[in-house]
Amino acid sequence: MGNCGSRQDYEPGYSGPPPPSGNPQYDQWARDQHHREQYMRDQKRAQKKRSRKNGVIATMAAHDTIYTRWHTQVEER
1 MGNCGSRQDY EPGYSGPPPP SGNPQYDQWA RDQHHREQYM RDQKRAQKKR
51 SRKNGVIATM AAHDTIYTRW HTQVEER
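For the sequence shown, full-length UniProt numbering gives the first residue as 1, with consecutive numbering after it.
One or more hints might be untrue.
[Claimed, not checked] Label pairs and their calculated CB-CB ranges:
1. Y26 to I57: 29 to 37 Å
2. H63 to W29: 17 to 25 Å
3. G22 to R52: 40 to 48 Å
4. Q47 to P20: 31 to 39 Å
5. Q43 to P18: 17 to 25 Å
[Claimed, not checked] When the alpha-carbon atoms are kept at most 20 Å apart in a straight line, the in silico EDC-like pairs for lysine to aspartate or glutamate are as follows:
6. K53 to D42
7. K48 to D64
8. K44 to D32
9. K49 to E37
10. K53 to D64
Source of the hints: derived by calculation from the structure; they are not laboratory data. Even glycine gets a Cβ: it sits at the ideal position worked out from N, Cα and C.
Please model the entire structure based on the sequences and the hints provided.
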């Protein structure tokens, strides 16, 4: 593997808003755009976390169901 830079080096959205250009309308738009992108990234991250957690819960529930069925069958024998 080669030397990897930080995520900021190759994804400009992670490096922060662009430097001020002197045009107040553009600067405000750039700040707002950066915050929108940041919000969307955070939402995506939170959704991934929730779906991972839901997958773990579903797996635990399935395991519990299988475990209960197996023990019920063993007790009936």
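Hints, verified against the model:
Look at Y26 against I57: about 46 Å separates their beta carbons, and that is not inside 29 to 37 Å. Our hint of 17 to 25 Å for H63 and W29 is violated, since their Cβ atoms are close to 51 Å apart. Between G22 and R52 the beta carbons are some 44 Å apart, a value that agrees with the proposed interval 40 to 48 Å. Range check, Q47 to P20: about 33 Å between beta-carbon atoms, so the 31 to 39 Å window is met.
For Q43 paired with P18, a C-beta distance near 22 Å keeps the hint of 17 to 25 Å intact. Between the alpha carbons of K53 and D42 the distance comes to roughly 16 Å, so the proposed pair stays at or under 20 Å and holds. Proximity of K48 to D64 is assessed by CA-CA distance (about 24 Å); at most 20 Å being required, the pair is judged violated. A C-alpha spacing of about 18 Å is found between K44 and D32, which places the hinted pair at or below 20 Å, so the restraint holds.
Distance restraint check for K49 and E37: the Cα-Cα separation of roughly 18 Å lies within the 20 Å cut-off, and the hinted pair is therefore satisfied. Among the hinted pairs, K53 with D64 is consistent with the structure: their alpha-carbon atoms are about 16 Å apart, no more than 20 Å.
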